[in-house]
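There are 2 protein chains.
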Amino acid sequence: MEHRIDRIKKQLHSQSYKLTPQREATVRVLLEREEDHLSAEEVYLLVKEKAPEIGLATVYRTLELLSELKIVDKINFGDGVSRYDLRKEGAAHFHHHLVCMECGSVEEIVEDLLDDVEKIVQDDWGFQVKDHRLTFHGVCRQCQKEVAQTS
Amino acid sequence: MEHRIDRIKKQLHSQSYKLTPQREATVRVLLEREEDHLSAEEVYLLVKEKAPEIGLATVYRTLELLSELKIVDKINFGDGVSRYDLRKEGAAHFHHHLVCMECGSVEEIVEDLLDDVEKIVQDDWGFQVKDHRLTFHGVCRQCQKEVAQTS
DNA sequence: TTTATAAATTATAATGATTGTAATTGACAC
DNA sequence: GTGTCAATTACAATCATTATAATTTATAAA
Ligand SMILES: [Zn+2]
Ligand SMILES: [Zn+2]
Ligand SMILES: [Zn+2]
Ligand SMILES: [Zn+2]
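So the sequences go chain by chain: A and B.
Residue numbering for the first sequence follows the numbering used here, beginning at 11 and increasing consecutively.
Residue numbering for the second sequence follows the numbering used here, beginning at 11 and increasing consecutively.
Quick caveat, the hints were computed from the structure, so don't treat them as lab data.
Wrong hints could be hidden among the right ones.
Identical chains share a label here; the pair holds if one copy fits it or two copies do between them.
Claimed, not checked - Cut-off 25 angstroms, straight-line C-alpha distance, at most; resulting in silico cross-link-like pairs (BS3-like, lysine-lysine):
| hint | residue 1 | residue 2 |
| --- | --- | --- |
| 1 | K155 | K58 |
| 2 | K155 | K140 |
| 3 | K140 | K84 |
| 4 | K140 | K60 |
| 5 | K129 | K155 |
| 6 | K80 | K28 |
| 7 | K60 | K84 |
| 8 | K19 | K80 |
| 9 | K20 | K60 |
| 10 | K129 | K28 |
| 11 | K60 | K28 |
| 12 | K60 | K155 |
| 13 | K80 | K98 |
| 14 | K98 | K20 |
Since the structure is predicted, the reported quantities are computational estimates derived from the model, not experimental observations.
Make the full structure from the sequences, and use the hints.
Pasting the structure below:
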């Protein structure tokens, strides 16, 4: 944990930004809830537990900054809110998501399954790929079981 | 064009919805601007040219309805607005997008490049895929040329 | 230690997209 | 014609996000 905070601190410093207490509190929340896909509001409420005086606008600005530095990725699953997702250590690309249409759960796929596809896009369309967003919508293992039982 | 309107009319009827004049005007706009990725507001302004008395809320509701019937797909490229995209005729899945980070242009890929990936997701993760969203962010052919020239 | 300067934050207001509501209209069946 | 129900309109309300001005904090020079 401290190691990762330290790394993020360095990333900020390398662009002459500081790791202020508010930013650190925000990053800690993101680290603690790494499995989740929190909205700005949710991050705000969790940060408030550590640092009650923080303002929502600061959380937005911090998430925006972390987003520019590619420390977090901003993603939208189709409900009205943006969600913020820590990049896995050393990942070149954003990871993929499996969103269950039944229960709303979100699973992550860290493996980059798109190498071949990106090559095609690059070669056949002449499009230089920098990043991607891939989300599958469907039914998770758990919900499949439940459907099988009730039928 | 009339053929496609007709087909959509049937799709609505099959769920006991009607193709009202407002809905038809909205669908016509979507057909005429099929290449674009219009926001609700943009659709509204274009529909207004045909049917000035239409309300914005009706456009939202119509797009929502078309979305439920899988006639259009709702997508979000990360600017604050939802955009609405007609499904290609007979397409089982939503098509893919190439968003240029330089000029903002959006290209479409109709070919389904994800068959292999979906098979992996299905087999290795036990996730039953119903649909997907795939967007590549990068630099389009045109902008690559311009960068090459100025350097 | 003061003073200056810029970055960061707070509190609050404003914006912009989207949704909800109550009243009205229109189509269709009896 | 009257009743019924879906659809629409006009408008208000909500929700996420951004902008603004005032204040604080950190850093560096004097
Ligand atoms: Zn599920
Ligand atoms: Zn994730
Ligand atoms: Zn471009
Ligand atoms: Zn498209």
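We went through each hint and held it up to the structure:
1. K155 / K58: Neither, since 39 angstroms and 48 angstroms both go past 25 angstroms.
2. K155 / K140: This pair counts as between: shortest inter-copy Cα distance 16 angstroms, intra-copy 38 angstroms.
3. K140 / K84: Answer is both; intra-copy 15 angstroms and inter-copy 24 angstroms each pass.
4. K140 / K60: neither (36 angstroms within a copy, 40 angstroms between copies)
5. K129 / K155: between (36 angstroms within a copy, 19 angstroms between copies)
6. K80 / K28: Answer is within; shortest intra-copy Cα gap is 16 angstroms, inter-copy 47 angstroms.
7. K60 / K84: Classified as within: same-chain Cα gap 23 angstroms, cross-chain 38 angstroms, threshold 25 angstroms.
8. K19 / K80: within (13 angstroms within a copy, 46 angstroms between copies)
9. K20 / K60: within (23 angstroms within a copy, 57 angstroms between copies)
10. K129 / K28: neither (38 angstroms within a copy, 45 angstroms between copies)
11. K60 / K28: So K60 and K28 pass the 25 angstroms test inside one copy only (19 angstroms; across, 54 angstroms).
12. K60 / K155: Classified as neither: same-chain Cα gap 40 angstroms, cross-chain 50 angstroms, threshold 25 angstroms.
13. K80 / K98: within (11 angstroms within a copy, 34 angstroms between copies)
14. K98 / K20: Classified as within: same-chain Cα gap 16 angstroms, cross-chain 47 angstroms, threshold 25 angstroms.
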